[in-house]
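First residue of the sequence shown: 1, per this note's numbering; consecutive thereafter.
Please note that the accuracy of each hint is not assured.
Keeping only pairs whose Cα atoms sit at most 30 Å apart, straight-line, the calculated DSSO-like set for lysine-lysine is [stated by the list, open to error]: (1) Lys321 - Lys358; (2) Lys191 - Lys89; (3) Lys191 - Lys32; (4) Lys129 - Lys59; (5) Lys64 - Lys32; (6) Lys33 - Lys64; (7) Lys321 - Lys355; (8) Lys117 - Lys33; (9) Lys220 - Lys59; (10) Lys169 - Lys229; (11) Lys384 - Lys355.
Derived from the structure by calculation, the hints contain no laboratory data. Given the structure is predicted, the values throughout are model-derived calculations rather than measurements.
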Amino acid sequence: MSKLEALRIRMPEGLQIPKLYLYSFLNLVEAKKYEIGQYVELRSEDTVRAILDGIMTVKEILEKRRKEESLEKSLRGLSEIPMSGRNDKNIFMKLCSELKCELDSITILEAYSDILKSHKVGGLGRLVKGLESFNIRRGGYSLPSIFKLELYALTRSTFFKDGFSIDPKVSSDFLVLMLAGYLVSRVGRTKLDKNSWASVHILPLDLAWKRSWWLILQGKLSGRWYGMKPADALVLHLLINLWDLLRSEPHDLMVLGVIDPVGPMPAAAAVSIHAPLREVYVRAERPLGYVLDEEWSRDALTWLVRKALNVDQDGREIAEKFIKLVFLSIQEDTRALEELSLISSRLEASILAMKQPKGIERELLTIARDARKIAGRLLEYRFKMLQKP
Numbered sequence: 001m002s003k004l005e006a007l008r009i010r011m012p013e014g015l016q017i018p019k020l021y022l023y024s025f026l027n028l029v030e031a032k033k034y035e036i037g038q039y040v041e042l043r044s045e046d047t048v049r050a051i052l053d054g055i056m057t058v059k060e061i062l063e064k065r066r067k068e069e070s071l072e073k074s075l076r077g078l079s080e081i082p083m084s085g086r087n088d089k090n091i092f093m094k095l096c097s098e099l100k101c102e103l104d105s106i107t108i109l110e111a112y113s114d115i116l117k118s119h120k121v122g123g124l125g126r127l128v129k130g131l132e133s134f135n136i137r138r139g140g141y142s143l144p145s146i147f148k149l150e151l152y153a154l155t156r157s158t159f160f161k162d163g164f165s166i167d168p169k170v171s172s173d174f175l176v177l178m179l180a181g182y183l184v185s186r187v188g189r190t191k192l193d194k195n196s197w198a199s200v201h202i203l204p205l206d207l208a209w210k211r212s213w214w215l216i217l218q219g220k221l222s223g224r225w226y227g228m229k230p231a232d233a234l235v236l237h238l239l240i241n242l243w244d245l246l247r248s249e250p251h252d253l254m255v256l257g258v259i260d261p262v263g264p265m266p267a268a269a270a271v272s273i274h275a276p277l278r279e280v281y282v283r284a285e286r287p288l289g290y291v292l293d294e295e296w297s298r299d300a301l302t303w304l305v306r307k308a309l310n311v312d313q314d315g316r317e318i319a320e321k322f323i324k325l326v327f328l329s330i331q332e333d334t335r336a337l338e339e340l341s342l343i344s345s346r347l348e349a350s351i352l353a354m355k356q357p358k359g360i361e362r363e364l365l366t367i368a369r370d371a372r373k374i375a376g377r378l379l380e381y382r383f384k385m386l387q388k389p
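Between the sequences and the hints, there should be enough to build the whole structure, so can you do that?
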């Protein structure tokens with residue numbers, strides 16, 4: 001049996017989001033992973049090769065997304081590096097000067113990979129030196145605004161910890177690996193309100209995801225999102241899309257809505273939602289699975305979730321109310337299920353009683369009908385469970 005090579009990576013202290021970007025990348029690295037204090041230790045027969053394969057996987061994901069961007073206007077530039085003002089651009093221009101490449105996300109990953117390959121035996125030594133300390137102080141790279149969201153928008157949240165350095169200096173190795181994690185986590189875009197958009201980032205809260213499953217997740221969640229609030233609707237959206245995956249990998253996620261940097265304005269986190277997928281999955285596995293097993297009830301839930309998330313949706317407040325009741329109902333809340341069934345049926349009946357429902361009434365009718373279908377399916381499940389000896 002070959003001896004395993006070890007690589008210790010110092011995690012950012014006090015800056016949680018860059019740490020999660022690193023997790024996003026490391027979940028694509030085929031190696032054993034151990035969290036030891038402030039470090040993550042990778043062990044593999046060929047650690048450099050494992051890192052290289054992870055970078056190439058990110059490159060392939062970005063190439064696929066670029067093809068999708070050409071077909072959807074709202075996704076354009078999603079695979080590129082957003083920058084604000086001179087500071088961000090100077091950081092990446094300095095990096096490109098070291099790597100001897102053009103300022104392009106895919107080109108940077110390719111150039112860094114070529115450098116690691118050229119080191120041959122010394123590749124591991126470079127990584128050990130570059131990743132053993134997060135803040136190397138002298139001669140390093142300042143963090144661009146996309147890696148300093150806590151500073152700009154979350155300083156009063158649980159992300160912020162007193163005493164972290166506002167401007168740590170990192171190695172080019174750290175900068176590239178964080179960039180790879182940032183880019184792969186940036187799965188889509190969504191509207192925040194009638195006039196503003198945000199990039200959607202899906203971040204792992206641990207290193208427990210299998211590489212193959214984390215790769216599948218990228219494909220399932222990539223594209224334009226309908227919205228990010230309310231949180232109940234967002235969690236249901238994730239459960240619907242990741243249902244088969246969660247049967248094997250029920251892990252929690254962090255979902256960030258990030259306003260990209262532009263002009264003099266730095267990147268800013270507009271929405272931060274912890275999605276407790278493990279807990280909800282354990283509670284809702286059977287009732288929600290019963291809804292998702294039938295195409296008609298799955299479609300009804302999918303459309304109701306989309307309408308609750310969509311800031312442009314007529315009747316959105318009613319959809320949000322129904323989704324809250326659905327979220328409680330799938331977790332065996334009997335009172336919520338009774339209320340969901342009663343309110344949706346009454347609303348549907350009252351609109352059908354109108355001679356000629358128009359505009360908003362027609363939209364409310366479809367919302368009520370979808371909610372009533374879901375309630376009916378859940379009541380059917382409840383009845384079957386009561387019939388069991």
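Hints, one by one, checked against the model:
1. Lys321 - Lys358: 22 Å, holds
2. Lys191 - Lys89: OK: Lys191 and Lys89 at ~26 Å, within 30 Å.
3. Lys191 - Lys32: Violated - the C-alpha atoms of Lys32 and Lys191 are around 38 Å apart, more than 30 Å.
4. Lys129 - Lys59: 24 Å, holds
5. Lys64 - Lys32: 27 Å, holds
6. Lys33 - Lys64: 28 Å, holds
7. Lys321 - Lys355: 26 Å, holds
8. Lys117 - Lys33: Since the Cα atoms of Lys117 and Lys33 sit roughly 22 Å apart, the hinted pair holds (cutoff 30 Å).
9. Lys220 - Lys59: 18 Å, holds
10. Lys169 - Lys229: Given pair Lys169, Lys229 is violated - Cα atoms ~35 Å apart, limit 30 Å.
11. Lys384 - Lys355: 38 Å, violated
Checked against the numbered hints above, the structure violates hints 3, 10 and 11; every other hint is satisfied.
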